[in-house]
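Asks: Residues per chain, in single letters:
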Amino acid sequence: MTEAVPLRIEQHGEVTIASRIVGFARFLRDKGFPIGVHEGLDALRLVRTGDWRDADAVRLGLKALLCASDADWRRYDELFDAYWRRRGMRRMARIAGATSRRDKPTLAGSGEPGNRQQEADRLNRGDEDDLAAGGEGRQAGASTMETLYSTDLRHIHDPEEMALVYDLADRLARRLRYRMTRRHRIAARGRHLDLRKTIHRSIRHGGTPLQLAFRKRRVRPPRLVLLLDASGSMSQYSAFFIRFISGVVDRFRDAEAFIFHTRLIHLSDALKERDPVKAAERLDVMTMGWAGGTKIGESLATFNRQHAERVLNSRTIVVIVSDGYDTGEPEALAAQLARIQKRARRVVWLNPMIGWDGYEPVAGGMAAALPYTDLFAPAHNLESLAALEPYFAKL
Amino acid sequence: MEANRQILLKRLSAVGYVADSQLAMAVALMQQLRRPLLLEGEAGVGKTEVAKSLAAVLDAPLIRLQCYEGLDAQSAVYEWNYQRQLLAIKIWESEAVSAVEKEKHVFEEEFLLERPLLKAIKAETETVLLIDEVDRADEEFEAYLLEVLSDFQISIPEIGTIAARTIPLVVLTSNGTRELSDALRRRCLYHYVDYPAIDKELRIINTRMPGIEQHLAGQIAGFVSALRREDLVKKPGVAETLDWAAALVGLDIRDLRDAPEAVHESLMCLLKTREDSEAVSLEVVERLAGKVA
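As they're listed, the protein sequences go chains A and B.
Counted from 1, the first sequence has number 88 at position 88 by the working numbering; the numbering is strictly sequential.
Counted from 1, the second sequence has number 250 at position 250 by the working numbering; the numbering is strictly sequential.
One thing to keep in mind: the hints can contain errors.
Over 12 Å on every C-beta distance to chain A, these chain B residues come out as not near it, computed from the model [unchecked claim]:
1. GLY218
2. ASP255
3. GLU265
4. MET268
Which stretches of chain A does chain B cover? Using the computed rule of at least three CB atoms under 8 Å from a CB of chain B, they are [claimed, not checked]:
5. 30-37
6. 70-76
Bear in mind the hints are in silico, worked out from the structure with no lab data behind them.
It should be emphasised that the depicted structure is a prediction, and the values quoted were computed from it without experimental measurement.
Beta carbons: idealized from backbone N, C-alpha and C, even for Gly.
With the hints as extra help, turn the sequences into a complete structure.
Replies: Now the structure itself:
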């Protein structure tokens, strides 16, 4: 056993091993690894008692200590090399094939960054008075709200109106989330006896169970999986849906979100971003460079292959938001959707085009998908989104 | 440390578990830092085996808590023996003892049924506590578990707080059907158990079936590895590989190319869904067998 090396943080201005270890822990934490004070201390302990010159041992030991999921596991080696050997990091986004150059992000409808900052401020304040005050100069108050509720989202371009709609979408999402996660308790009278409590009470009566206690029943909240079509034809609606989805997924632990166009991307991390503007930016970065026609069938196949096992169970509600325009095989779409329907509780397909006059689901993809959906509903304005609430609350 | 790890690898191999140095490091850290170990991976890769083998190597009793949906903290820790309690109450009915006395007597340790968590805490010698499939239990149970794993003490309202006499080595496994809480992940050391590479799987086959013909063993490892790369609904795990190897030996098949029909029929050991059985036809079997010959 080699002698223990004194590990003081600073020694005559030299950077010692201990400070590098702490720096590494901090480096990983910035990259999203859940590392707290205890992990840092244990990392130091590890290095102090082991042979820190054995780089392999240090690598393996810190891997076991500092990783917390298979996503961390996969990123660790590259990050270890980047930090300790100063090798460059090649990619930020974990999307096969896509480049990750940050370009000027765009939000459907709004233009300059200045505008967006104001909008972000307004939204973050989330005060209805502020918004109403912002709407001064036009018809303020309830009537504007009502009109906005029924206006098709693709016709809204005015930034102030859009801000209003965003806020309403937020509230809708929060209400939906509340309805879905509320748990029912039937305390006084239930179907199952709580034997333990009953016996406790029976002691008072010499062992005779005179007072029965019933077990509280809890209805487990359903799980939500959202698949959003991000293709060009949907772009007029995407921003709103992202907003809506953010509101539902935020702090709703059992919700997962994906977007697809030519391929499928797992979104939930990007959406956990608190600032909705930043969330939309991250999404734009991830979806940039997506050319070509929508491949719904293939995207669903990717979902089934990589994620279904983990996220689908008998309590899951799958919500697909898409206009159904597909350049792939309709049979493939149908087959993949059938698989999803078999494993999930409900499959809901939201198509903004249903709200358009004269729309009929005759396009190949949409028609093929129809028999495998439990609910086929419009989603072109806030009214239609609000109409979903009772359906979801009942599930 | 290095020496310890090598010894651990040898001992694990001796009890039938083929580990890599990463896992050996995780186990060594478990003992040194006294943190639980979280093992994640697909079903059938050998997560539960790690705990069993560790218990065998350390010659410690294995205490197993199998998690399921609806498992509540109580059932994992203790249960009162209601029948005995009621009986005792009845027997004491005529005794001239106060109700308070009766109540005290009825809640003594002799009426307590110990469940895995309590057993692990009260053990006199070091134990290995396996909390299997922790993702099946719900968030409340996880929170309670976290508390127990931090303090290693359990409070029973009627008796008091019981502190651990020895700290068990805790191994948690998860199939990834539910996202575990950050707090639990942070508390644990982490190890992802993946499907083994061909050479590792070959070593596993040789460890578990010593004496198997090397030519066949190599073919089996190669075949299963190639099969996992196909588009299957349910990929075969290590347990399935070993079943299949035993089946092939039992059927007296020396080379996969010799009897493709028999091999195809024996695939029921590896493929457990109708879709997969239909997808892997005789032609696919012949193709894969040809590749690994």
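Asks: Determine which of the earlier numbered hints do not hold for this structure and return their numbers in increasing order.
Replies: Result: no hint breaks.
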